[in-house]
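J.: Both chains come to you apart, so use the hints to assemble them.
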Amino acid sequence: DAKTTQPTSMDCAEGRAANLPCNHSTISGNEYVYWYRQIHSQGPQYIIHGLKNNETNEMASLIITEDRKSSTLILPHATLRDTAVYYCIVRVAWRGSTLGRLYFGRGTQLTVWP
Amino acid sequence: SAVISQKPSRDICQRGTSLTIQCQVDSQVTMMFWYRQQPGQSLTLIATANQGSEATYESGFVIDKFPISRPNLTFSTLTVSNMSPEDSSIYLCSGQQGSYNEQFFGPGTRLTVL
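Line by line, the protein sequences are chains A and B. So the first sequence is numbered by my numbering: it starts at 1 and just counts up by one. So the second sequence is numbered by my numbering: it starts at 1001 and just counts up by one.
Each hint can be trusted.
Here are some of the chain B residues that sit facing chain A, going by a computed Cβ distance under 7 Å:
(1) 1105
(2) 1106
(3) 1108
Since the hints were made in silico from the structure, they are not lab data. Only a predicted model underlies this, so the values are computations on that prediction, with no experimental measurement involved. Cβ atoms here follow ideal geometry from the backbone N, Cα and C, with glycine treated the same way.
Here chain B stands alone, though its shape is the one from the complex (with noise of 0.2 Å):
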């Protein structure tokens, strides 16, 4: 199974900043991506972080909002652009193996925008 590490852990920033997220794994994943978590909801996906190439981005989340990098197999980034109280969150990454197989999180990062 692939540990999943994100930094920071939490974050209270100010509106109309921004904030970077990093994610680690600690082996080579084929795919990953980004969800958002806000308060007492379910999860929903934000992109799948692309290796190389533009991140993909599901209905409703648009590159200067969030963009994403993706340098190498083991590591992304979000970043939370020109931010706002309704960004306030966790976010949290993913990766798998293949397109199938069982896909593992990380810890999240709670973010509170005020």
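So that you can see chain A by itself, here it is in the shape it has in the complex (with noise of 0.2 Å):
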């Protein structure tokens, strides 16, 4: 089951950065938090994923507050071609029985207005 709470819609303006959060109170000391994305009719994406220290890649930055129960995905300057759905999931990365699998949420579909 997902362990992650995202809002099911948001939009951005073009050109400015899109900012999504995502709840993740119960998160394991051994889980990570990753990020992917699904384009209309396409697999899902890897976007970005941490375990407790930003991270930033040449797409997005991830922000995960102290505690490890949130943490906030930017797209510095959006396009149209971010539209998707965007999957936050926390995910076991070493001694578990769900070792390395990914359990999607609902996700927040980011629509980008030109």
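T.: Written as structure tokens, this is what we have:
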């Protein structure tokens, strides 16, 4: 079962930053936070993941609170092609019966407007 | 990054028949998974495809209905058996290296059962 809570939908103007929140208040010490997105009619695409430190890559930044109970995915300059469903997932990274598996919640539909 | 292909990309099948979906990865992966995405829904993990042994099924999924094979580190098949209209979904496979690395997804197989 998904262990995250996300808003159902958000919108953002093109060129502005999109900040997508995620609540994972029951996250365990052996779980990472992962973000994926699914553009319509395609397979999910990996964006970024983190354990407790903030992370940045060419696609996005991930801000994880100090208590690890929530996180925010930031797309710094949203484009129309970023319109997708964004999934926040907590995933067991070591020592667990569900090691490596992804359990998807309903995600956030992000719509970027021109 | 790994590239994953699936065959067929889509199919329309009659009730009571079976369909086998193939998943091919262009490089060796440690773990492979199969997901189902029903219309308008999120992804649901069906099973972990284990190389050389029986797949590990999630709650609500059984081997008789969804037999899975994984003969090597780059290939897996999922069979949807004795199909009914409720099996109409997109079926996706994925692969990853290690337990916490990013998971790559195939484009999906869109199945319609009449």
